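Given chain A, work out where chain B should sit, using these hints.
Number of protein chains: 2
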Amino acid sequence: MRKFILFLFLFVNLKNVNSQTKNQLQWQIGYHKLINDAPVKWLPSKVPGAVQLDVMNAENYKQPYWFGNNFEQFTWMESQYFTYKTNFVKPNLKDGEKLFFHSKGIDYQFIIYLNGKKIHEQEGMFTYVDIDLTDILKPQNELKITILPVPTVAGSRNTMAHYRDNARKSAKPAVSYGWDWHPRLITRGIWDETYLETRNQSYLKTVWVKYQLSDSLKNVTINPVIQGNLLAGKNYLWTVAAPDGQIVLSQKGNLNSDNETIQADLKNILLWWPNGYGKQNLYTNTIQLIKNGVVLESNVNKIGFKTVKMVMSQGSWDEPQMFPKSRSVSPATFEVNGKVIFAKGSNWVHPEIFMGIATKETYEKQVKLAKETNMNIFRVWGGGVTNKESFFDLCDEYGILVWQEFPLACNLYPDEQPYLKVLEQEATSIIKRVRNHASIALWCGGNELFNDWSMMTEQSLPLRLLNKLCLELDPQIPFNATSPLFGMAHGHYVMWEPKNGGEVFQWMPKSKNTAYTEFGVPGVANIDVLKAMMPANQLFPPKMGTAWESHHAFNVWGKNRWLELPFLEEYFGTIKSLENLIAYSQLTQCEGYKCIFEEARRQKPYCGMAINWDFQEPWPCAANNSLINYPNNPKPALYAVQNSLRPVLASAQVPKFRWDEGEMFSCDLFLLNDTYDKIPTGKITAKLVYDDNKELNFLSWQYPNVDESNNIKGPTARVILPKMKSNLFKLILQVEGRPNYNSEYTFVYRSKDALNSKPIITYLNGVKE
Amino acid sequence: MRKFILFLFLFVNLKNVNSQTKNQLQWQIGYHKLINDAPVKWLPSKVPGAVQLDVMNAENYKQPYWFGNNFEQFTWMESQYFTYKTNFVKPNLKDGEKLFFHSKGIDYQFIIYLNGKKIHEQEGMFTYVDIDLTDILKPQNELKITILPVPTVAGSRNTMAHYRDNARKSAKPAVSYGWDWHPRLITRGIWDETYLETRNQSYLKTVWVKYQLSDSLKNVTINPVIQGNLLAGKNYLWTVAAPDGQIVLSQKGNLNSDNETIQADLKNILLWWPNGYGKQNLYTNTIQLIKNGVVLESNVNKIGFKTVKMVMSQGSWDEPQMFPKSRSVSPATFEVNGKVIFAKGSNWVHPEIFMGIATKETYEKQVKLAKETNMNIFRVWGGGVTNKESFFDLCDEYGILVWQEFPLACNLYPDEQPYLKVLEQEATSIIKRVRNHASIALWCGGNELFNDWSMMTEQSLPLRLLNKLCLELDPQIPFNATSPLFGMAHGHYVMWEPKNGGEVFQWMPKSKNTAYTEFGVPGVANIDVLKAMMPANQLFPPKMGTAWESHHAFNVWGKNRWLELPFLEEYFGTIKSLENLIAYSQLTQCEGYKCIFEEARRQKPYCGMAINWDFQEPWPCAANNSLINYPNNPKPALYAVQNSLRPVLASAQVPKFRWDEGEMFSCDLFLLNDTYDKIPTGKITAKLVYDDNKELNFLSWQYPNVDESNNIKGPTARVILPKMKSNLFKLILQVEGRPNYNSEYTFVYRSKDALNSKPIITYLNGVKE
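Just so you know, the sequences run in chain order A and B.
With the first letter of the first sequence counted as 1, position 261 gets the number 261 in the numbering used here; the numbers rise by one all the way through.
With the first letter of the second sequence counted as 1, position 228 gets the number 228 in the numbering used here; the numbers rise by one all the way through.
Pulled out of the complex, with its shape left as it was, chain A reads as follows:
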């Protein structure tokens, strides 16, 4: 039976009298070369988990697996079979009761045997396994699950940049094959809750709480679709509790088939809003199966009522102008409950390499951080897994919209039946599970599929299939084939690249995109994270061939990424300590991210989204675009982003990051307002702060009243840079009486001496890849 999590803030006093019982199993695991081999030995297994972790714990592997090159000790396992084994006694089943084996996730291709007989086989880790064992039970039973070797495709290119080729014919998330911030460490095993369950003859399988809001958004018609083994004539009790716990609907009836849709209207409901735009009102929908006055079973769902659309942004219909004329851009602005939302957030990769060990607590720490960072959206990227149920519960609760991709990323997935069949099964399972959630805002086929490194197109059958499935199973949620679509954009992922036009400060204002759904600026890890991943003698200076390289500081996308040491030394001179390296690298990450997030916001309303690459990392990276180090260690950039994403703030558009002695510094001032409040007129002063708190006030701007969800562009402020001793200076914007709107930015100052001693051409040659 699928169990629905009761929320922390569930005020309703529900009498959840459930006569079903769940029995956890004790598992053992063994590995073998051929499918029918018996394992040489059986090791204890922790479920949910991963085969690698069981072997590591039982066989004295080096730990932690993320230290140094320890992850390489798992490579041999890719070609092995793994078999899980458990024994259990047939339970006493009352009349009509049944015993089910249920698993919410087995990764990735497997066969299940009971007492030596094959009872199930499956490809796909997102489809729940639910098998009625009742009629084939013996007094003593042995259940085995054999996990097949990892899917690979013959002829795939086996280099870091192309490991993912191996996943191009399967629905296994490609990331674990290796990515530019992820080692090759291909997970397998039972990765979600798995147990035996005794069920009544009559039981609920799924409840999908469909609803339709009235045009006014004040009233709703709710249609729970109840599926299960319901038997003719069973009674149900349906209650809905408001967010404050008050019961607003209570209705009894009979279920006459195994697939029933019931209906009721609620008036004057409270809408669910994403973070920053209103409360996350969640109703509690409870369906109880009742027989002779006894509650056989309860199904509890949290529901948030909302509408969501993907709409054209202001100005985007006006193009193209000249003939021959192509189409207008794809819509890329969210409208929630009839209000345009500026989507501010991050690409969620995953919080653990071994998602089997991720729990609600793992998720909650990070979802909570996103809310505190003023984010309202996660793009759950197609390279990674579709998260466990508790992730969506938390996004519902914290008001984080979920852009959910299917497991396709950076590959040409084929128009072939075997693949399409697995994809259909997996996508169907994913949609049916997630569609109940208030937070689901967008379905998306996968990552960067319409670019030359993937080579999929509108004609690709996997994407046409996903469009069809989403239309059939969840038609009220928008569907995008991939990201980016026409007008949207990904990249860049560094602070400075001359061949892309210089600094992010230059290329961002020149870009005109409807949504920035990936962009990154790398930063070195926090010092404790670095110390946890490598021997002390490797810490400084960073070198190739050390844990710096295996943890993605070198040679992952060009030889200098993600550390970008030549850039750092070009800007800051020779770096002489680990502390300085971290400080400078993290400073550029902070300022780069502020530049992009604020520029995207300044481009509103044409632009509707700013979603950086990426939020967290599933293991400690020595340098990475992430805002949070593994396991849950925020980098300074997280707080920089938090500031840039405040609902209202003063913002400066500055033409560059590095300034030279004697130059005319300039910046354009803005007041940004993402709220639906009007901001009364006020005053912003701009000053430079340098050396030992020397201050140079150079502009005061009386900004006008600012409309709802509107930005105001103010004056261009200019000042000749004073001669400084330090190589850094700050621009501070102070808003009179509104310190919560204040902003500050740090820039690099280059004295004439430094300027003359290090011609820029040196670096240009250095980064040639």
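No lab work stands behind these hints, which were simulated from the structure alone.
Computed from a predicted model, the values in this text were never measured in an experiment.
Treat the hints loosely; a few may be bogus.
Because identical chains share one entry, a pair is satisfied inside a single copy or across any pair of copies.
Unchecked claim - Think about it this way: if two alpha-carbon atoms lie no more than 25 Å apart in a straight line, the pair counts; the simulated DSS-like pairs of lysine-lysine are:
1. K432 / K421
2. K309 / K421
3. K499 / K512
4. K169 / K309
5. K752 / K725
6. K138 / K118
Quick look at chain B alone, frame taken from chain A:
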């Protein structure tokens, strides 16, 4: 029963012993204001036809309806109900026989009554009506069909440019509401074959000949899907005849259900190719229902074996280059049987306003002309109807690929259930009918839906629905949501517009598009066509308020379109006769079309299509982009296009159409090859011809061997223009020993006197709209 047309070139001697009988009916028609009114009088009706034609013929309306403003006499009918009536005697039905009423098309919304009782109602003109009357027959029967008033949408803008708004919530093709080359004349009535049919108890309903080609394209697995009232245990005989008539498959068996799929393999088959790339090999698939050795019924289908894909053109994956990076363009090149095809053709609108009177002969004249014009594709545009069956038969036979759009054009079709339901029904009917045809190459949601005058997007449910239906019902044919998609382009539709960058000679070479799927250059009609549409006293000079205006020479898209008189007078001086007007206008149409078609071909392989707007017209237009005047009267532009579409030709890219005295004339020379033949080296000479056949040779180019399906760019030729007396001169390219590759172009010459006397600014002011 659906009857399949036997082709003219069917060499197989098929014994099509069909015991079914079709009975044509005699119809009367009447009109009334309210649905339940009886018509005041009954008029004779010709079926198939249109309600307007019946009333016109019976009530002495002015004829022909296309003369002057005669079309306006039908306007009052839009709000009327029309009822068709017929009487028939119950036939003698043998044991088990049934009587069906069958209609292949009733336009648009209607109710059918038998003996006063409603037996069917339907919205949609593309779904066959098929009603078993057997059990409700009386000895004497009266069948009535009431056609509802034309669909309209309250609040629609009722001006020429927006008449189509009225069609935005229906699946009725929008064109008849009025377009810039089509009067408002909204067709209704029985528009395709309609009859009573006596059927055996066992009968075939549809046969869909599915097939799968082997990777080598040499062998095929055929899977006819047979549906009908087949009864258990009936025998079938399945034969397949090769294009030469030889029977290559003969197989007997039993049909055990009403929906059976049978299967066989054919080896070494001949592929079907589009015109210009190979033969149109058509096999004849025959399914016969047999009982006790008697053929009860035969179903004959022509099948052409082909694969078709929409692929990315050469170079189109290379973009975009810079970050932030959007997606690559949409694929827009056809690949047929593994070979890239340059799609050359025209937008098929329709050959008659009243499609009820279009016959196979109507179609054949025009499809044949397209083949002779070296075309290989029709885009059957979403503003018009999906053609009758014989159109597709002819496209199969003549090798014209069909890009078939659903009936959506230039409107925001809604995400609403009533509309979606009708669209699903109509699209399903269309797909199931057309998918049998060799010529079907692309399904498309409709016309210009992703531009600001329509405002649909990827998220629009009607388009997601169409994508889903095509995937389910015809997955081997590509699907585009609309035209243009990203990278493709529509327009412009005139020879010269300063605000678009001047002449088509300037804006086309600057454009970089993957496909030009609409573009036009207007030309005045042929003189006999003009005389047939207006009184002699209106012929010259052309004036607003006359038949010139009602026939689209003025005020249809700006006040001077499609005549473009200010442009003609700017280029050719005051025009003093009808003959001169026609000559100059048709010259610009010829040269404009040659410029665009050849430029698109020169942009191969990045560009994959050139499809002009439009092929024909459904009534006589005084000026229009069409290549063929109504009813089937080619304009000179058709022959100009025929030349530009030759498989191999010498071509000149010329920077402008009008040249001034003393200027340096220049052109870039090309040899264009769309064939899969290699062209051996040869010599092209370029000369100017002017005044009384004066010749000025100015370049000779020895072109190299030209690869398969490849173009070669040659030198830029330059010459100072000699002083001329005439205002026109020609550029002639002569290919030594290959006169069939020769090309010639005509340009305007402006002497210093003309140049000084008519400043261009005069015209610029004149066209301001």
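Results of checking the hints against the structure:
Taking CA atoms no more than 25 Å apart as the test, K432 paired with K421 passes in both settings, with 17 Å inside one copy and 24 Å between copies. Only between protomers do K309 and K421 lie at most 25 Å apart by alpha-carbon distance; the minimum there is 21 Å, versus 29 Å within a single protomer. Proximity of K499 and K512 under a CA criterion of 25 Å is satisfied in both settings, with 19 Å inside one chain copy and 24 Å between copies. For a Cα distance limit of 25 Å, the shortest separation of K169 from K309 across copies, 21 Å, qualifies, whereas the shortest one inside one copy, 32 Å, does not.
Proximity of K752 and K725 under a CA criterion of 25 Å is satisfied intra-copy only: 11 Å inside one chain copy versus 70 Å between copies. For the identical chains of this complex, K138 and K118 are intra-copy neighbours only, at 15 Å inside a copy versus 63 Å across copies, given an alpha-carbon limit of 25 Å.
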